[in-house]
Each structure stands twice: as structure tokens, then as C-alpha cells.
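Peer 1: Each chain is listed here by its residues.
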Amino acid sequence: MVENETLAHGNKSIEEFEPTIVAYCCNWCSYAGADLAGTSRFEHPSNVRIVRIMCTGRMDPTLVLEALRMGADAVLIAGCHPGDCHYQKGNFMMEKRYDYLKKAVQSIGIEPERVRLEWVSASEGGKWAALIREMTEEIRRLGPSPFTLKEIPKKADATIDAFKSQRLRWVVGRSQIKVEIEEQKYRQTVNAIMNTEVERHMILRALKEQGPLSAEDLARITGLNPNTTVKHLIALRKDGKINEAGEKDNQYLYGAA
Amino acid sequence: MTDEPRVGVFVCSCGTNIGGVVNVPEVTEYARTIPHVAYAENNMYTCSEAGLTSIRQSIKKHNLNRVVVASCTPRTHEPLFRSACQEAKLNPYLFEMANIREHDSWVHPHEPQKATQKAKEIIRMAVARAVLLEPQTEPEVDVKEASLVIGAGVAGMTAALSMASQGFKVHLIEKEGEPGGITRKLHKLYPTLADATEVVDPMIKAVKSNRNIELSTSTTLKEAGGYVGNFKTVLTGPEGDRELTVGTIIVAPGSSNYTPPSGLYEYGVNDHVITQRELDHKLRKGEIGKPERVVMMQCVGARKGEIRPSDLEAFPKSDTAELLRRILKARKEEGWPYCSRICCMNAIKNAILIKEKSPKTDVVVLFGDLRVYKEYEDFYRRARDLEVRFIRHIEAVNPEVTQKDGKLQVLAYDALSGMEVTFPADWVVLSTPLIPSKDEIMLARMLKIPIAADGFLMEAHLKLRPVDTNVDGVFIAGTASGPKDVSESIISGEAAAARASILMGNRKVKTEAVTAVVNGDLCIGCGLCEEICPYGAPKVKEGTSEIREILCRGCGSCAAECPKQAITMRHYGDNQILAQVKALLDRGNLKEVAS
Chain D
1 MVENETLAHG NKSIEEFEPT IVAYCCNWCS YAGADLAGTS RFEHPSNVRI
51 VRIMCTGRMD PTLVLEALRM GADAVLIAGC HPGDCHYQKG NFMMEKRYDY
101 LKKAVQSIGI EPERVRLEWV SASEGGKWAA LIREMTEEIR RLGPSPFTLK
151 EIPKKADATI DAFKSQRLRW VVGRSQIKVE IEEQKYRQTV NAIMNTEVER
201 HMILRALKEQ GPLSAEDLAR ITGLNPNTTV KHLIALRKDG KINEAGEKDN
251 QYLYGAA
Chain P
1 MTDEPRVGVF VCSCGTNIGG VVNVPEVTEY ARTIPHVAYA ENNMYTCSEA
51 GLTSIRQSIK KHNLNRVVVA SCTPRTHEPL FRSACQEAKL NPYLFEMANI
101 REHDSWVHPH EPQKATQKAK EIIRMAVARA VLLEPQTEPE VDVKEASLVI
151 GAGVAGMTAA LSMASQGFKV HLIEKEGEPG GITRKLHKLY PTLADATEVV
201 DPMIKAVKSN RNIELSTSTT LKEAGGYVGN FKTVLTGPEG DRELTVGTII
251 VAPGSSNYTP PSGLYEYGVN DHVITQRELD HKLRKGEIGK PERVVMMQCV
301 GARKGEIRPS DLEAFPKSDT AELLRRILKA RKEEGWPYCS RICCMNAIKN
351 AILIKEKSPK TDVVVLFGDL RVYKEYEDFY RRARDLEVRF IRHIEAVNPE
401 VTQKDGKLQV LAYDALSGME VTFPADWVVL STPLIPSKDE IMLARMLKIP
451 IAADGFLMEA HLKLRPVDTN VDGVFIAGTA SGPKDVSESI ISGEAAAARA
501 SILMGNRKVK TEAVTAVVNG DLCIGCGLCE EICPYGAPKV KEGTSEIREI
551 LCRGCGSCAA ECPKQAITMR HYGDNQILAQ VKALLDRGNL KEVAS
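Top line first, the protein sequences correspond to chains D and P.
Numbering-wise, the first sequence is residues 1 to 257 according to this note's numbering.
Numbering-wise, the second sequence is residues 1 to 595 according to this note's numbering.
None of these hints come from the bench; they were simulated from the model.
You can take every hint at face value.
Computed list of lysine-lysine pairs in DSSO-like fashion (alpha-carbon distance at most 27 Å, straight line):
#1 P:K541 to D:K164
#2 D:K154 to P:K582
#3 D:K185 to P:K564
#4 P:K582 to D:K208
#5 P:K564 to D:K208
#6 P:K564 to D:K241
#7 D:K231 to P:K564
#8 P:K541 to D:K178
#9 P:K222 to D:K178
#10 P:K564 to D:K164
#11 P:K539 to D:K96
#12 D:K178 to P:K539
#13 P:K188 to P:K208
#14 P:K304 to D:K127
#15 P:K582 to D:K102
#16 D:K164 to P:K539
#17 D:K154 to P:K564
#18 P:K564 to D:K178
#19 P:K114 to D:K127
#20 P:K175 to P:K205
#21 P:K564 to D:K102
#22 P:K564 to D:K96
#23 P:K448 to D:K96
#24 D:K164 to P:K582
#25 D:K178 to P:K438
#26 P:K564 to D:K103
With the hints as constraints, model all of the structure from the sequences given.
Peer 2: Here's what the structure looks like:
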């Protein structure tokens with residue numbers, strides 16, 4: 001359903017639609033690459049607005065998700081080529097996060113093409129211009145971000161909450177250092193935790209906004225499977241994040257703690 | 001800062017650079033309507049003395065507590081405008097730049113309306129950020145007036161002598177038993193054809209007799225810690241380990257020479273196939289004699305292939321040394337992508353040396369491109385006059401070397417005639433590039449100097465700070481940052497010494513203000529920041545992480561990963577970053593204007 005809406009939305013305005021792309025550029029390589037595009041007079045579409053950061057290592061996934069949430073049609077993260085990081089390995093750290101970020105964006109129900117990680121060096125003005133041309137074209141084709149549509153924000157907000165949660169941040173952070181588990185397995189674990197956290201935060205949000213609610217209400221509101229909902233409620237109750245808040249029609253009601 | 005933000009916006013026309021595309025008066029008028037903007041004006045050149053004076057006066061006259069200059073890139077002009085703010089007693093970190101030239105007028109010259117709209121938005125973003133900026137101070141530390149120079153080749157010795165002559169104590173260490181580096185082993189130097197020893201020997205003598213220089217041979221760096229002004233190092237040598245504290249470090253480990261894999265052009269198979277450097281040694285010992293023909297081949301292992309992203313992606317990403325080991329291995333087979341700069345002159349030099357000793361020897365130089373710059377053009381002509389034959393082959397097709405009845409034969413495609421040419425040869429000499437050395441890689445890891453994609457040490461800025469590294473107080477001299485000849489190595493040694501001497505002469509240095517801060521109330525002391533930080537800045541003490549500011553370089557990786565979001569970055573807080581995005585997307589009616 002979401003897809004259909006997106007399509008309809010996209011088709012309607014495809015002619016006049018001018019996407020807004022937020023580009024987080026690292027100071028040392030990509031910002032300088034964009035500067036060089038200017039110095040070299042490499043023309044490109046005017047749809048990108050650059051936010052300067054010191055290093056892509058600084059890019060908290062929430063900064064990307066928040067930008068989408070605020071209405072950016074796409075977010076570009078641009079940093080130094082592998083091996084060229086001013087701070088040795090900030091770009092590698094971003095790359096690790098990017099895997100999870102892309103998964104998260106996809107599960108929210110928006111096209112993963114709307115979040116891109118690219119390496120542009122200070123000497124690649126031409127690459128910068130080409131990248132902006134290509135990306136603007138792609139986003140123009142995709143249409144306005146579905147983040148503004150009805151169904152998306154709920155999951156988007158919960159995803160942002162999840163990326164602010166200690167549990168998800170901890171496992172994502174741990175993936176930056178050597179862990180004893182095989183990388184592929186670790187990745188799967190993180191993805192599983194990410195899903196769980198997003199679902200739990202959907203429940204928490206519903207409780208904060210509309211609580212107290214029963215498990216059945218919550219399953220309906222969040223669109224989660226009733227069994228999953230109950231499992232999450234048990235876990236959230238254990239963590240002390242929710243309380244029982246009376247009964248209604250023979251069902252327990254829950255409220256945010 | 002409790003005062004209500006009062007932002008001054010200075011919109012620069014930059015002559016016609018911005019003004020020729022962006023409607024600057026309209027943008028200035030618009031700036032006045034942005035919340036918190038107390039004053040806005042348009043300057044022809046904001047960076048001119050008139051523009052800077054206006055900033056200083058306006059700060060006072062309009063009681064401004066934030067300044068935004070909408071002009072060019074902060075990468076070149078931020079320091080200038082910051083100091084103007086400082087002169088008007090405004091903390092330089094309350095200044096923000098809006099880049100409406102490189103990122104706007106210069107890239108949208110044919111879309112004035114869109115460029116004007118973009119300029120407005122960029123300024124709106126900058127103002128939103130400026131409002132949230134906080135004053136910062138750059139911590140000041142004492143600089144110990146002693147330097148450690150690693151590597152006693154010409155670059156290291158030059159640097160040591162230069163600093164010593166200014167009265168600074170220099171500890172010069174060399175891993176070999178003798179100082180002099182590669183140059184000591186060379187025969188003659190281009191373009192003077194002077195003996196290499198004529199250059200090196202006096203230098204070694206001067207180093208050994210200088211009272212301010214303590215030379216330790218067979219000594220290497222074992223450990224390095226500390227920070228600018230106060231590096232704590234451990235050296236290891238014949239008498240065991242010893243600790244040394246210095247204010248600055250100059251890294252001059254030199255480079256290696258590419259050795260072709262066995263079998264490439266019969267190298268390692270036929271002992272008359274040698275590298276240019278091996279030829280140099282043989283000429284020194286007089287082992288070449290008067291052969292009938294010598295064929296030289298340029299760019300062997302250089303300007304070939306490229307550094308593939310897969311080289312860099314396939315292994316543990318945090319380990320620089322492992323990364324380089326892999327690159328070195330891959331490059332051994334495929335060669336290096338860059339021009340090594342010195343090989344053309346080296347080939348010409350050796351060709352001249354052979355010709356001068358043995359005019360009848362036919363010296364053939366096969367090349368795809370010959371790069372002789374500056375006065376070396378004359379050097380090349382001199383070789384031509386001696387009838388050295390320079391033959392350009394089709395670059396895409398490598399020459400072939402074969403053996404026929406024990407006699408070497410080189411086959412190439414002449415680019416001029418398009419014909420196949422064959423040269424029986426007594427010697428085949430391969431001009432191979434200078435490549436990153438293992439010592440360099442180890443030092444990079446110990447001192448936390450980034451390595452560029454070509455494997456050499458990365459300068460802080462390729463053009464503007466060619467001998468600085470990203471580690472304050474650590475400088476590069478010689479070929480560790482890329483191929484250089486002797487005179488260029490000396491220049492870089494002098495330059496590195498000058499840079500280090502500035503720090504030691506001032507005795508104090510200001511360090512990074514953009515550092516991480518821990519909110520102790522949120523921190524749970526998990527120690528992830530400690531493990532992530534490439535600089536060892538965070539330290540968990542009694543259950544709470546503490547950032548040692550002096551070690552922090554401000555990359556923000558810890559802030560991005562902190563499980564409790566307890567770490568924020570000075571000057572680049574989440575709120576300061578997101579305020580820009582919010583200001584951009586909070587367009588209201590503006591979106592319609594845009595289309």
C-alpha cells in the first residue's frame with residue numbers, strides 16, 4: 001500500500017518535482033571535492049545543500065534519519081576514500097553503520113537509494129559534480145520522499161528511537177571493534193536486534209501517545225503480529241519500560257513507565 | 001551564552017564571482033528577515049580590508065554576538081574572518097560561513113534564480129547553526145624544546161642540522177649502523193653528476209660534530225605516546241630501551257625501491273636484467289664495462305594499475321599495518337599507479353655516465369612518457385647530444401624481454417613508426433619507482449599518521465601544508481610522503497625543521513578546540529569510546545569516561561557510537577548539525593518560490 005502511494009505521489013509531480021538533498025560532507029575530502037567542483041566550474045543541479053562535518057565517523061545514524069524525517073528527499077554522506085581518512089578510520093566506521101542504516105531505511109518502507117554513502121576526495125571535483133547530477137536524477141525519478149506520507153512516520157519515529165536506544169547503539173558500536181563472533185553472524189545479530197528495537201519503540205510510542213492500551217490495541221495500531229506484540233510487552237515490562245495500567249474488557253492495559 | 005543571539009550577516013559579491021549570478025541585494029534583504037538576524041549588509045569583497053573593518057565595526061555598532069559571512073569556502077577564508085571577529089572581541093567560534101561561491105554561484109552560472117534561492121537557503125542554514133554556536137577556547141600547552149628526527153638520510157640530517165643550528169636539542173636516530181640513508185649508497189647524482197658522497201659525507205661529518213645533535217645509530221622508535229609539545233617515546237638500540245621526551249617529531253624514514261617480481265622482463269632469471277638502482281651500484285664499482293648495447297625501460301612497476309577499492313576493503317579495517325601489507329603484496333605483482341618522479345632523470349643520468357665512459361655503447365631508453373622538468377630538459381638534451389636513443393613505445397603495449405641463446409632481446413612497438421623494433425641487449429635496465437617502506441608504515445601506525453591511498457604518508461594538506469601531518473607536532477621529511485630526489489629531500493628537511501622550530505621557538509602551542517565532551521550524568525562507563533578512539537583520548541575512570549582534550553582530534557567517532565549518547569562534540573553537536581537541516585527543510589512558502 002505504501003508503495004502504491006509512493007508511486008502515485010511520485011508520478012503526479014514528476015515533472016515539476018525538485019528534490020532536496022542533504023549532503024553531509026567531511027571537511028577534509030568531500031567538502032573540498034565540492035569546493036573543487038566550484039573552482040573548476042563543473043555545473044551540476046542546484047538540489048544539494050551541504051552540511052559540513054569534520055569526518056563521516058561523526059555521522060550518527062540518527063542524523064541521517066532525522067534529516068529524512070524532517071523532509072529531505074535524500075541524504076548523501078560523503079567522505080574520504082578508504083585509506084585516506086584524516087582521522088585514520090572514520091570512514092570505515094561510517095561504512096559499518098551504513099550497512100545497518102540502509103537496512104533500517106528499507107524496513108521503514110522507503111527506497112534505500114535515498115541514503116547514499118560515497119567517497120569523494122579533495123581532488124575529485126568532477127566526481128562530485130557527476131555524483132550530484134546522477135543522484136539528483138535518481139531522486140527526481142523516485143519522486144518526493146514517502147517519509148511525509150501517512151504510514152511511514154510511525155515506523156520512522158520508532159526507528160529513530162531505536163537508533164537512540166542503548167541496546168542498538170551498543171551492538172552497532174561493538175561492530176567497530178574486533179568481536180569474537182564471525183562478522184556475518186554478528187551482522188545478522190545486529191539486524192535482528194535492530195528489528196526488535198524498532199518494533200518495541202513502535203509499541204512505546206503508541207503507549208506514550210495513546211496509552212493505556214491492550215495488547216490487541218497495540219497489535220492493531222502498530223501492525224505487528226499479536227504474538228510478537230505480547231512477546232515485546234513481556235520484555236518491555238521486564239525492562240521496566242512499561243507498566244500494567246488496569247484492565248478493560250477482560251484484557252490487561254499497558255502504559256508507558 | 002545567555003544573551004539573545006544577535007547575528008550579523010555579511011553577504012559578499014566577490015566582484016562578479018557571486019554577484020554576477022546570485023542576486024546579492026535580494027539575498028541581503030532576505031537575510032534581514034531570518035530570525036535572530038540583527039544586521040545584514042552586502043560587501044563587494046568581504047575579505048578586503050574594508051569588508052573586515054565593516055565586520056569589526058558592525059559587531060560593536062549593532063552589538064552582534066554571532067557573525068555569518070556568506071562568501072566562499074571556509075577551507076580558505078574561515079581563519080581570516082575568525083580573526084576579524086576576535087579583534088572585535090567576539091569569540092572566533094561564534095563565526096560561521098555560508099559557502100555561496102564554490103557551492104553555488106560557480107556551479108550554477110546559468111541558473112541565477114535557482115542560485116539566488118540556494119544562497120538564501122545556505123545562509124538560513126548558517127544562521128541557524130550560528131545561533132546555537134558556543135564560544136570555544138583552544139587549549140594551550142607547553143612545547144619541550146627538543147626534537148626527535150627519525151631517519152638519518154639526507155632529509156633527516158638536513159632537518160637535524162637546521163634545528164640544531166637554531167639551538168634546539170635534536171635526537172637523530174637511524175636504524176642502520178651508519179647515517180646517510182640511500183644517498184650514501186648511490187653513485188652519482190643528477191644533474192651535476194657529482195659523487196653522492198660529496199653531498200652526504202660533509203653532512204654526516206656536520207651531524208656527528210654538532211653538539212646539539214645526539215646521533216644514535218642502529219636505533220629505532222619502539223613506542224610513541226603523548227601529544228604535541230610533550231611526546232613520550234621509547235627508543236630501542238644496541239644498549240637496550242630508553243625513554244625520551246620531545247616537543248616535536250620529524251619522520252624521515254625514506255622509502256623503498258620497487259623490486260620487480262621474479263620473471264618480469266626476465267628479472268631474477270637473467271642476471272643482466274637489473275634495476276636502475278642496481279645499475280647505479282654497478283657503475284660505482286665499474287662492473288658494466290663497455291657493452292655493445294644497454295636497453296633501459298621506463299615505468300616498470302609505475303603508472304600501472306590502480307589502487308582498487310577491493311584492496312582496501314577485504315581485510316580488518318582498523319589495522320593500518322595489515323592494510324599496507326596487503327597493498328604492498330598486491331602492488332608487487334601489479335606495480336604502483338603513480339609516477340615516481342625521479343626515474344626519468346635517473347635513467348638519463350646513467351645513460352650519460354655509460355656514454356661518457358664508453359661512447360660506442362648503444363644506449364636505448366624505451367619509454368611511454370618521459371617527464372623531464374625544469375632544467376632537466378637540458379640534461380635530456382645533453383644525453384641526446386651523446387647519442388643516447390630515446391624511443392617512445394606504444395604505452396598500452398609493454399615491451400617484451402626474451403632470451404635467445406643466452407642473449408637478451410627486447411621487443412617494443414615504436415610509437416612513431418608503429419613498427420615492431422627488436423634490440424639485442426647486453427644489459428636490460430628496469431627503471432622502477434620509489435615505493436612506501438615498511439618502516440614508514442610502522443611509524444605511521446605508532447604515530448597515528450594517516451596513509452594516503454598510494455601508501456605514502458599523508459600530508460595535512462597536499463598543497464598548503466606539505467610537510468605537516470594531521471598529528472600536531474609531527475612533520476614529514478624526505479621520501480616517506482612520496483618520491484623525491486636529493487635536492488627535494490633537502491628542501492623538505494629544511495621545511496619540516498622550520499615548521500617544528502616554530503612550535504619549539506614559541507614554547508607554547510594552541511591545540512584543537514573541536515573536541516569531544518562527556519556528559520558524566522549519562523555516561524555508564526562502558527568503555528566503547530576508549531576502544532573506538534584512534535588517538536586514545538577517552539579514558540574510563542571510576543565508571544565514567546573522560547576525554548583527554550589534548551589527545552582528542554575531534555573526529556567525533558565516539559559521539560556517533562556512544563550507546564548512551566553521552567558524548568557530544570564541541571562546535572559540531574547534534575543540535576548544531578540538525579539545526580541546519582531543520583532550517584533548510586522548514587521552508588514554508590519558500591518552496592513555491594523555488595519552482
